[in-house]
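Please build the complete structure, drawing on both the sequences and the hints.
Going down the list, the protein sequences come from chains E and C.
Residue numbers are given in my numbering: position 225 of the first sequence equals residue 225, and the series is strictly consecutive.
Residue numbers are given in my numbering: position 148 of the second sequence equals residue 148, and the series is strictly consecutive.
By construction, these hints were calculated from the structure, which means they are not laboratory data.
Heads up, some of the hints might be wrong.
Same chains, same label: a pair holds when it works inside one copy or across any pair of copies.
Derived lysine-lysine pairs resembling DSS-like cross-links, with alpha carbons at most 27 Å apart [said to hold, decoys possible]:
1. Lys102 with Lys142
2. Lys156 with Lys26
3. Lys237 with Lys67
4. Lys52 with Lys113
Number of protein chains: 2
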Amino acid sequence: MNAVKKSKPSLHTVLTPQLLDLYEIKDSIVVIIDVFRATSTIATALYNGASKVIPVDSPELCIEVGKQTSGVTAGERDGKIIPGLSYGNSPSEYPRSFIENKTLVITTTNGTKLLHMALKQGAKNIITGSFPNLSKVVEFLKSQDSPVILGCSGWKNKFNIEDVLFAGAVIEEVKTHFDIQCDSSFMANQLYMQQKDQLTTYIKTVTHWHRLAAFGLEEDMLYCISRDVAPSLPIFKEGALINQV
Amino acid sequence: MNAVKKSKPSLHTVLTPQLLDLYEIKDSIVVIIDVFRATSTIATALYNGASKVIPVDSPELCIEVGKQTSGVTAGERDGKIIPGLSYGNSPSEYPRSFIENKTLVITTTNGTKLLHMALKQGAKNIITGSFPNLSKVVEFLKSQDSPVILGCSGWKNKFNIEDVLFAGAVIEEVKTHFDIQCDSSFMANQLYMQQKDQLTTYIKTVTHWHRLAAFGLEEDMLYCISRDVAPSLPIFKEGALINQV
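Written as structure tokens, this is what we have:
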């Protein structure tokens, strides 16, 4: 019997949305990563029973889609709820007692932009990930045998550390399943391995921590780097993220 | 006497040329970094007495400028000298006995592109850096009291590790002189500090090592990560890099 050794699918890490066009997105699984706080909040709302989450890229669209879907509208700028919307971007605002069976329409800048770019470029599947649903993301990637793009949302197209740390955590769990020839992935994995045992101290040194801490959001951020506290798998289908169970 | 505490200038690291437009380049010092091998070779040629180095972005322009300046033309693609040019991109090709008092016209892709972008965006000074001239770069940055952009050339607009390691090495030496609020810089510095004691082992894991090792260029690359073996300060003036002494 001649067993043919099957080649492993590729895995790449995209450090900011501005670099997405350098990668082969078509037919890949794209993981949208926006640790502070969009993809942490999305994982949480779906874990707590939201029927779906619709990410939109402007407050105006959020209001409009909110009306169409009778959904909960959410969005913040500079730590405050955007006028015209009802809730903020904090995962703590979406316990089961509030969000179960509801539609959440959320406006975010960095993550939503990246999601729409990946959609336009023909991604096979789009899921969202953050530490609260790390194991669910890992399980899914290991089960699919498809090329993977770990897409960091960054901050206004710039690189940020918290998203890359999550990419590095995913890589640590899936790396034997993929053929990785990508310096961004090597770096992400090395940075995560260097810092994983002091993540709650280390995270306080990154630029985004300082920006959000000024709005009193320290507890939110510590939640956003907590592993598997909201084990859902948000997958994008027909315009919305639903929990694939 | 009321001493006014002077604020420190900023320092940012740009991970690939595709991200340069996100940063304030005007009036900054931009350090062009292309460790494998353009900026290592440039440092070496100038250290060995080349009168100037003219970086150009195509073989055609290299031939033309070579004729105009009676210069030595250099450029490689896939490890071979480009037809029509006379020499390659290896620092070992430019000892003092050959290059002293000559003009070197060199075609490179990633580094030259970044240099021209920085020029167009109004950089105050453009210098080039790599491990062979690390201390000269550090000295210059510390002496200038200007904002600094560490510009990594990457590979076809993608992130690469060797350029970021050099940025991290510079940051380690200058960080008390600058106000650094930049996750790319934090990451670069952390990666360098994590790997600096095993740099010759670590460098063999990065993607560019594998690409160039396939052309037998291992010795070149080990030279390119050697500190201060060609202590020159290439600074861009009137269309060419000259050694500022």
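Going down the list of hints, with the structure as the test:
1. When the C-alpha separation of Lys102 and Lys142 is checked against a cutoff of 27 Å, the pair qualifies neither within a copy, at 30 Å, nor between copies, at 57 Å.
2. Within a single copy, Lys156 and Lys26 get their C-alpha atoms as close as 24 Å, and across copies as close as 20 Å, so both meet the 27 Å cut-off.
3. Only within a single protomer do Lys237 and Lys67 lie at most 27 Å apart by alpha-carbon distance; the minimum there is 20 Å, versus 60 Å between protomers.
4. Only within a single protomer do Lys52 and Lys113 lie at most 27 Å apart by alpha-carbon distance; the minimum there is 18 Å, versus 45 Å between protomers.
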